[in-house]
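Sequence lines, in order, name chains A and B. When the letters of the first sequence are read in order and numbered with our numbering, they come out as residues 1 to 284. When the letters of the second sequence are read in order and numbered with our numbering, they come out as residues 1001 to 1414.
It should be emphasised that the hints constitute simulated quantities derived from the structure, not laboratory data. What you were told as hints is all true, and nothing was included just to trick you.
With the C-beta cut set under 7 Å, the calculated list includes, among others, these residues of chain A facing chain B:
#	residue
1	V38
2	R147
3	S232
4	D248
Far from chain A, by Cβ distances over 12 Å, these chain B residues were calculated:
#	residue
5	V1065
6	D1150
7	Y1152
8	N1154
9	G1224
10	K1239
11	N1356
Computed, partial: chain B to chain A, Cβ under 7 Å:
#	residue
12	Q1125
13	D1261
14	G1277
Where is the CB? At the ideal position from N, CA and C, for every residue including glycine.
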Amino acid sequence: MKNKGTHLGLLAFLLLGFLPFLAAFGYALLYSFGLVGVVNKGFTIQFWQAALASGTFFTSFLYSAAIALVSVLMSVGGALWITLKFREYLNRGFLSMVTYLPLAIPGIVTGFFVLQILSKAGFFARVAHYFGWIQEASEFPDLVNDRLAIGMILAFISLILPFFVLLFLNIYKNERVEDLSILAASLGASSGQVTRRVFLPILLHKARILIVLYFIFLLGSYEVPLILGQESPQMLSVLIIRELKQFDLDKISEGYVVAVCYTILVSITALVIFLPKRTKIYAG
Amino acid sequence: MSLKSSGRKRSKTCSILLGVVLLVMGCGGEKTTDDSHLKKASWNEISGEGEGKEVTFMMWQGSPVINDYINNYVAPEVRKRFNITLNISGGQGPEIVQLVMGEKQADIQEGQVDMVWINGETFFQLRKIDGLWGPFVKQLPHAAYIDFEDPYINTDFQQAINYMECPWSISQFALTYDSARIAKPPANLEELEAHLRQHPGTFTISNDFTGMTLLKCFLAELSGSPQGLNGAFEEKKYKELSNRLWEYINRNKAYFWKGGDTFPREQTRVAQLFANGELDLVYGYGEGGIEEKVLSGLYPKSVKGYAWANGTIKNANYLGILQNSPQKAAAMQVINFLISPEAQLKKSAPDGMNANTILDFSKMPEEWQEKFKRMQKRQYGPSMEDLESRAIEEPAPEYMIRLYEDFRTEVIEK
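I would like the entire structure built from these sequences, with the hints used as guidance.
Structural data, given as structure tokens:
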């Protein structure tokens, strides 16, 4: 009975989670080699050559990775600091609600919100103009669609920092970090040592998988870079959609090349990160 | 558990999995309909076949006034008159082409969409993949009011329409400025350069259809004549002119919006930036799309529209029926209604969609000519007649395709 349930569960997982992904990947792979596609004429590697020679994919991948990394590091750092300094207040009614609130806001809304407040004619620019700090809209600093991706990074932080705060608060409680900190202090550890040797290692160790998953999630995010990003370089998802929707139908296959490369790279990253851990558990 | 029974279970699981995969793969609509009889049918027969059917219309839904016209006027009217249910599906050029390509790939004979709103670029792409059904326009009774001798109507991006798409409305590309801020707006590339250097950051080019149309106007100016891009695409001519265009833009890039670091993805963003006061110039079809934006309060009443000195592109937009449309007769009925004098009059209302009619006044019944004459004129935007002397033809679609690609590689990514 139990075996039957396990098999059905596995089947459901394969059908719902794995099969559509595999089918889509297979389709993209065939498209990238010209084997499917209304305007394609059969097997060719010309789309791979063209896509890889242009270098756009690699630039876009590095750009996306840099933005995802900075956003995750700043979010995790900020969440750790908030947990360390304000955990007692955050467990109370109103502040607890404030922490949950951003989690209910979709990425596309956050993108527009950031655009409305940080653009050259946005809320802060108007405040600056009102107080006479700037005379023209163009004098306001570039904070959206900007070279340093400030708007995008801020949007990502506002999207994921609250999640990490809640996660760290839970880990803090469940792993009895409070008790361990008191114990360490009673054994003579300074507050800095408690933070470095007890607080940070426990929280980061327990959250490490989610941190990596959020990095991968940001790497492939679409709405925020679409609204707040530059036209070049573009984050990966925006680049892929642009390639797939381009007007030159003969070049649509290059978009599938980028999609295939991205999928392979993310899959390899995920395997490299998650496989050693499993081996260790079984070895132990 | 024995090895044998474990093997049996594994093979059972695999069989179920294979069955489901085959079921999913077999879900594509394989019904085939032969609609060739419609091309020879009388209008009465077509009307009879279309009655009571459901038509899906894929169109750009980015404008509230267009949505209002379709949802609150066209859909109820076709329901009342022909018992046709009109469903609207959002999507324009690339989405339409992607949909058709996907359905062709899956060999779906009865597609999701019946009729589409397209321009020459999409017409070119759909013809390339044999995605359009027709010719059908000659059979529409109201097509008799359209002047098919007009080159701006019978030729779409230098391609003969051959009655494969039905003209719906016509407009001219125009530039818009705020007369309260600028006394004399630039009207050629030399004046634009001077303006940019005097007012840095106040101009940009959107990386979309509208922005590329502006680039085509610039390209025509560089050719030295409003007719410079007419005729079939010429690689040599394009190379020579586009090199000069990229050199011009890159020379002035630092004076563009955001120092030329980035370009807006869409024209709607350019309109917002203009409304915010960040940009001095905005542009678009529909003689600049001024009326609606002033009436809705987005633009101030001091805005004015004008044509580039060498000319701006004038073109028509069209309605097509997809090759695998399941309801072609009903789609023809809807299209015939959309080009009726009544629907066109309603569409031309300045406080509504404010679109120039595609119908030729001299071909229309007198009562409708009178009604069109009595229609209130635009208060803020220029009329097409005002700009007509500076109208130029849409160049071949290859110009647009190449400009898209090269604007990215030669300007945005540099």
